[in-house]
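K.L.:
Going line by line, the protein sequences match chains A and B. If you're matching positions, the first sequence starts at 1 in the numbering used here and goes up one per residue. If you're matching positions, the second sequence starts at 396 in the numbering used here and goes up one per residue.
No wet-lab data here; the hints were simulated from the structure. We treat Cβ as the ideally placed atom computed from N, Cα and C, and that holds for glycine. Keep in mind that a hint or two might mislead.
[Claimed, not checked] FRET-style restraints, in silico, Cβ to Cβ: (1) G511(B) - D362(A): 20 to 26 Å; (2) D89(A) - E440(B): 41 to 47 Å; (3) M1(A) - P708(B): 32 to 38 Å; (4) K589(B) - D157(A): 39 to 45 Å.
[Said to hold, decoys possible] Anything over 10 Å on all C-beta distances counts as not near chain A; from chain B, calculated: (5) S410; (6) K439; (7) G459; (8) E586; (9) I611; (10) L648; (11) V661; (12) E772; (13) G782.
[Claimed, not checked] Just a few of them, taken from the derived set where beta-carbon distance is under 8 Å, the chain A residues facing chain B: (14) A14; (15) A51; (16) A239; (17) P240.
Protein chains: 2
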Amino acid sequence: MDYRLTTRMEGAQASIIRELLKMAALPGMISFGGGAPDYRGFPKEFVKQVADDAFTNQSKSVLGYGISEGYPPFVESLKKHLQDKEKLDFAENEVLILSGGQQCADLTAKLFVNEGDTVLVENPSFVGVMNAFRSYGANLKSIPLEEDGVDLTALEDAFKAGPVSLFYMISTFQNPSGITTSGAKRKAVYELAKKYDVIVFEDNPYGELRYEGEWIPAMKTLDTDGRVIYTGSFSKTIAPGMRIGFLVYAKALHTKFKIAKQAVDVHSSTLYQMVCHEMLTKDLYDSHVSAQRAGYYKKMKLMDEAMKACFHPDMTWHRPEGGLFIQTKLPEGMDSLPFVNEAVKRKVITVPGSAFLTNQEDKSNAIRLNFSLPSEEDIEKGVEILGKLSYEILG
Amino acid sequence: MDYRLTTRMEGAQASIIRELLKMAALPGMISFGGGAPDYRGFPKEFVKQVADDAFTNQSKSVLGYGISEGYPPFVESLKKHLQDKEKLDFAENEVLILSGGQQCADLTAKLFVNEGDTVLVENPSFVGVMNAFRSYGANLKSIPLEEDGVDLTALEDAFKAGPVSLFYMISTFQNPSGITTSGAKRKAVYELAKKYDVIVFEDNPYGELRYEGEWIPAMKTLDTDGRVIYTGSFSKTIAPGMRIGFLVYAKALHTKFKIAKQAVDVHSSTLYQMVCHEMLTKDLYDSHVSAQRAGYYKKMKLMDEAMKACFHPDMTWHRPEGGLFIQTKLPEGMDSLPFVNEAVKRKVITVPGSAFLTNQEDKSNAIRLNFSLPSEEDIEKGVEILGKLSYEILG
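Throw the hints in and build the complete structure from the sequences for me.
P.N.:
In structure tokens, the structure reads:
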């Protein structure tokens with residue numbers, strides 16, 4: 001039969017990255033393609049202990065229907081954690097536990113994005129969240145990123161051209177660019193959002209993975225009128241397979257978000273909420289993240305040094321202060337896709353910058369490299385292969 | 396600030412049942428309110444073993460990002476199971492593993508329900524799935540259920556009045572009515588759907604919990620042109636906290652459903668997919684479900700007998716051949732809400748029939764009683780309390 005699919009799904013696209021990741025599983029491949037934390041650091045013994053205890057002594061809670069708002073002890077320990085670490089304020093705000101950062105974007109779009117609405121995103125921006133907006137029929141427009149965050153003039157112009165439902169930003173160690181929005185720009189963006197009455201969706205999955213430089217408070221800490229919806233996740237700090245993320249928003253929004261959660265999948269994994277809760281309350285979380293940070297810092301420096309040694313001098317990049325990626329660029333005007341495709345043939349997976357554009361048909365000279373997942377040996381080997389390729393292409 | 400929420404979320408409602416379930420956790424409450432399997436039967440030792448092995452030997456797969464289509468070995472074992480048990484055909488169809496039956500409804504709505512579209516449901520119907528449709532701005536219309544399934548004349552009239560995007564039905568042991576659509580009516584509904592070019596969303600979470608009578612093949616087995624989207628779940632047969640359900644649909648739909656899954660939450664729990672896979676392939680599933688069935692059958696008969704002994708003769712019900720519910724009715728024209736509210740005061744939770752109507756403000760004389768979760772003692776005690784109340788109200 002001829003299916004009449006919804007208009008909202010017409011614009012929905014497959015994630016290039018997830019298709020690339022299937023290739024990464026092939027033997028002999030070196031993958032700089034993913035955005036995953038290092039599986040070698042998963043706290044598997046701890047997770048096993050929590051699971052053992054949960055299935056033995058709490059099987060009714062862990063295997064029965066859970067509460068849509070989140071596992072109650074975890075809701076409390078998470079609030080405390082976010083208060084202590086991120087200075088978020090739970091006098092005015094609520095938290096909702098969801099199935100990973102992707103679901104946080106899904107529900108935010110469900111509540112705030114009518115079909116055909118304009119949603120602004122940074123250029124470049126994370127393809128997964130753009131796909132969530134696309135799947136609600138959003139009209140995505142992008143605002144150029146500068147070294148300290150979004151171009152404020154372009155942002156104000158887009159707000160003026162309005163109406164804009166929502167502005168999506170990754171404030172710290174942006175994916176894919178690695179850029180951190182400065183404190184001054186966070187304030188300026190918030191003031192503009194206020195002036196033009198726009199919701200800001202502030203995504204912060206990498207904030208805890210800072211290796212250098214100073215912590216900058218989330219825009220959510222500046223929010224006096226409830227227009228910032230903040231989202232975080234344990235996918236990068238503990239393990240992505242748990243699918244545990246969360247939203248923080250003004251209390252007035254809690255009922256509608258809760259209804260949306262009930263409607264999409266009833267509740268998130270109680271087992272993995274218990275794991276997060278136990279890590280937070282047994283003070284294991286900080287030491288775990290600290291160990292992860294040290295390992296990633298080492299790998300990041302290794303990749304940066306290897307790139308300096310191997311890459312053609314016309315290729316450029318900024319060494320990031322944190323996060324999981326180095327974004328490198330071919331000279332202005334070049335398209336990175338042929339480079340990426342040739343690299344795959346040589347068994348190195350990278351992600352072309354075009355994957356992070358509102359229109360994936362557009363060209364980009366950027367290439368995203370992940371350093372958290374590959375081994376140190378693969379970082380050196382892979383960068384050498386890419387370096388050779390850069391000389392072949394750039395002469 | 397004043398939030399401008401999406402039009403689709405205006406019609407979204409909180410689940411009365413999930414609010415009731417919070418009361419069920421209060422001490423001394425007897426709950427006939429839920430729709431959950433008996434936690435006493437959760438295969439917790441087996442789940443613990445699978446988890447132990449997974450976290451010890453497969454931590455990279457189980458805690459890393461999973462595949463959106465589902466854990467590959469489980470995709471295969473599930474297909475085999477559905478082929479053997481339900482006679483579903485995977486030459487023409489594909490399966491997609493999702494986070495429980497609720498997400499199956501969410502994605503089906505995402506693909507097929509534009510805002511304002513008419514969606515037909517049985518009257519009464521399952522509130523969770525109706526809420527999923529409401530959260531996409533569907534206009535729900537209901538078709539009366541007769542003892543052997545939906546009223547065909549009313550269904551055809553509604554199809555004619557069209558356009559109708561989708562007809563939602565629970566073919567076996569319907570929730571809340573317990574009604575099973577006969578083989579003849581399945582065929583007739585399918586032919587009507589074909590004639591008026593409507594998609595049928597066939598939900599079958601209870602089909603394996605048959606205590607009496609003969610198995611009737613799913614409408615999906617009659618589907619020659621790919622218009623039936625079939626959904627099932629392991630929530631009632633293994634454990635709802637796993638959040639493992641699945642869709643079966645024509646191959647042509649696989650790419651779009653996969654994209655939708657990526658956009659909502661990337662992938663479902665790999666751990667619990669491993670649990671389902673191990674149960675299916677180690678031939679534990681059949682014996683487990685068989686034991687559950689025996690226990691529920693006993694409880695169902697106990698509740699039925701207790702109702703016969705205690706309820707006012709003007710209260711009516713059909714003893715169901717399977718599933719988790721007995722639906723009882725006050726005399727025609729009466730409203731069950733005062734009965735349900737008074738029962739709560741006497742510490743017995745039931746669900747008013749109005750919860751299962753397209754307009755929850757409408758009155759219903761029905762009351763849904765769950766027999767799988769309460770203990771045998773609570774079944775006898777609770778029915779006695781309800782029986783007394785029925786005599787007080789009906790004289």
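K.L.:
Now look at each hint and say whether the structure bears it out.
P.N.:
Hints, one by one, checked against the model:
1. G511(B) - D362(A): 20 to 26 Å: violated, 33 Å
2. D89(A) - E440(B): 41 to 47 Å: holds, 44 Å
3. M1(A) - P708(B): 32 to 38 Å: With a Cβ separation near 50 Å, M1(A) and P708(B) fall outside 32 to 38 Å, so the hint is violated.
4. K589(B) - D157(A): 39 to 45 Å: violated, 52 Å
5. S410: At about 5 Å from chain A, S410(B) fails to clear the 10 Å cut-off, so the statement is violated.
6. K439: Contrary to the label, K439(B) does not stay out of reach of chain A, its closest Cβ about 4 Å off (not over 10 Å).
7. G459: Its Cβ does come within 10 Å of chain A, the nearest being 5 Å, so this is violated.
8. E586: holds, 14 Å
9. I611: Consistent with the label, I611(B) stays out of reach of chain A, its closest Cβ about 24 Å off (over 10 Å).
10. L648: violated, 7 Å
11. V661: Violated: least Cβ distance 5 Å, not greater than 10 Å.
12. E772: holds, 17 Å
13. G782: holds, 28 Å
14. A14: holds, 5 Å
15. A51: holds, 4 Å
16. A239: holds, 4 Å
17. P240: P240(A) check passes; min Cβ-Cβ to chain B is 5 Å, inside 8 Å.
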